[in-house]
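Listed here are the chains, written in short residue letters.
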Amino acid sequence: MGKVIVVTSGKGGVGKSTSTANLGTALAVLGKKVAVVDADVGLRNLDVIMGLESRVVYTSMDVLEGVCELEQALVKDRRTKDLYLLAASQKNNKSDIQPEQMKKLCLELNETHDYVLVDSPAGIEQGFQNAAAGAHEALIVTTPEVAAVRDADRIIGLLQNMTINNLHLIINRLSPEMVKTGDMMEPTDIIDILSINLIGVIPEDKEIVVSTNRGMPTTYNHKSDAGQAYKRIAQRLEGEDVPIPEFKAGGLFGNWFGKLFNS
Amino acid sequence: MQNESRPTVELKGFRDGMRLIIDPEASMQQIEQAIVDRMANLGDSLSGLTMNMDLGSRSLNDEELVHLKKLLNDDYGLEVKQIIGDSQDEPKRTEEPKIAGVPALHSEERVYDQLSQLNEETRFIRQTLRSGQIERALEGNMVILGDVNPGAEVVAAGDIIVLGALRGVAHAGALGNIASIIFALNLVPTQLRIGRFITRAPADQQQHQRAEVARVLEDAIVVEEYD
Chain S
119 MGKVIVVTSG
129 KGGVGKSTST
139 ANLGTALAVL
149 GKKVAVVDAD
159 VGLRNLDVIM
169 GLESRVVYTS
179 MDVLEGVCEL
189 EQALVKDRRT
199 KDLYLLAASQ
209 KNNKSDIQPE
219 QMKKLCLELN
229 ETHDYVLVDS
239 PAGIEQGFQN
249 AAAGAHEALI
259 VTTPEVAAVR
269 DADRIIGLLQ
279 NMTINNLHLI
289 INRLSPEMVK
299 TGDMMEPTDI
309 IDILSINLIG
319 VIPEDKEIVV
329 STNRGMPTTY
339 NHKSDAGQAY
349 KRIAQRLEGE
359 DVPIPEFKAG
369 GLFGNWFGKL
379 FNS
Chain Z
1109 MQNESRPTVE
1119 LKGFRDGMRL
1129 IIDPEASMQQ
1139 IEQAIVDRMA
1149 NLGDSLSGLT
1159 MNMDLGSRSL
1169 NDEELVHLKK
1179 LLNDDYGLEV
1189 KQIIGDSQDE
1199 PKRTEEPKIA
1209 GVPALHSEER
1219 VYDQLSQLNE
1229 ETRFIRQTLR
1239 SGQIERALEG
1249 NMVILGDVNP
1259 GAEVVAAGDI
1269 IVLGALRGVA
1279 HAGALGNIAS
1289 IIFALNLVPT
1299 QLRIGRFITR
1309 APADQQQHQR
1319 AEVARVLEDA
1329 IVVEEYD
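Protein chains in written order, with this note's numbering: chain S, 119 to 381; chain Z, 1109 to 1335.
Any given hint might turn out to be false.
Said to hold, decoys possible - Below, a list of computed lysine to any residue pairs in the SDA-like style, where the Cα atoms sit at most 25 Å apart: (1) K129(S) with E1261(Z); (2) K298(S) with K1189(Z); (3) K129(S) with R1166(Z); (4) K1178(Z) with R1166(Z); (5) K129(S) with Q1299(Z); (6) K194(S) with M334(S); (7) K298(S) with Q1317(Z); (8) K212(S) with G1240(Z); (9) K129(S) with Q1317(Z); (10) K150(S) with N315(S); (11) K129(S) with I1242(Z); (12) K121(S) with E356(S); (13) K129(S) with Q1235(Z); (14) K129(S) with E1243(Z); (15) K129(S) with N211(S).
These are computed hints drawn from the structure, not numbers from a lab. Every value quoted in this text rests on a predicted model; they were computed, and no experiment measured them.
So here's chain S without its partners, still in its complex pose (with noise of 0.2 Å):
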């Protein structure tokens, strides 16, 4: 028995699938057992990203009109130990599922994997109600924008009458040189707003355009800031105490993030 956490934002390209797709890889670096689930009927492109596109043979939709039997759904990933992903139909609408059979999907697969990712599409229609029907928690991806802060506070507004009350904010595409420069939203003032407990900061990262497009999360780059950014909020799902660093423009220094956290 593990956790169903739906990652979603409100907003659209705000880095939802990318987010899935690096969190799902680096908890199952860490050695847990992870399904991420593309909930994106219709616009599915998480297993573009993962790279596993041409895999693909069955997908929920399947799965759920007993076309197949969930575990021949699930793509097992081969650059990682147990990591599987399940697909979304391209050819079917959103409108095609209902929360209760979704539910269903996870808490399924919450029976034997560690964690159950679920992939939201953008927007606070039937796509999203499917897409948290069965989450336990949810991550809320934003980036330093006024319109992304703001839906993801709808979101978050909605979450919390699902009785979903676990909540994480992942600060995506943070820009160090905006922030000091006062052209973008700081974190302390994202939180000041959302008031819910932040648990990364990606920041600004060119590598993620490179690895969304060859389909190789940039989790497996250890050069990569974004990629070691998403490796510590796995640690951090894992429960272990790791400080956020501060990221300032030319590098990281500091750990002035990690109060916040801790908060």
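Dock chain Z against the given chain S, drawing on the hints supplied.
Chain Z alone, transformed into the frame defined by chain S:
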């Protein structure tokens, strides 16, 4: 006698919700005009709400009732839930439930006492309001133990007290009471409304360390440090 000082239509908050109280002496035309005037400054802040219509001693025929309900619904998004009145001489009363399923109230249930105005109810909310949430207290005041985030909205007939940061939209005195105030420990709103007055935050808004209170002074909303 008292009627002379009473406006043709009045919006008031009661325990069972908002009421539109109509002067029994006024003509249909006057009523319509008064509704348009009354609603003019409220914008869409009441849209989606239900209200009761208090006709007092007057009687309206089906056609007139349907007309007023349509006006309130189509132009202001207000749904009339119940018709309240005390016209015993009116044969219509028994037939009234027929009109769009509106049940009639008995005259004893009329609450005209000014006491309910003085002794307003206060609604407490013990959570942070997040984007997309809207909370209303049309029977009185609202106290929020938490923040009001950008994209969230609070509406009250009376005062609004935020024991936290007010970053969203607040509308105090939403039924027209411009003596209402808005108080926040950290007042950095997107927009403030008191009665028919609206103000928005200055572009160069900075964080204040002290509690502030907004009120209407000489036809404008002013914000002062609270002490």
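Which of the numbered hints are not met once you compare them with the structure shown?
The structure conflicts with hints 2, 3, 9, although it agrees with all the remaining ones.
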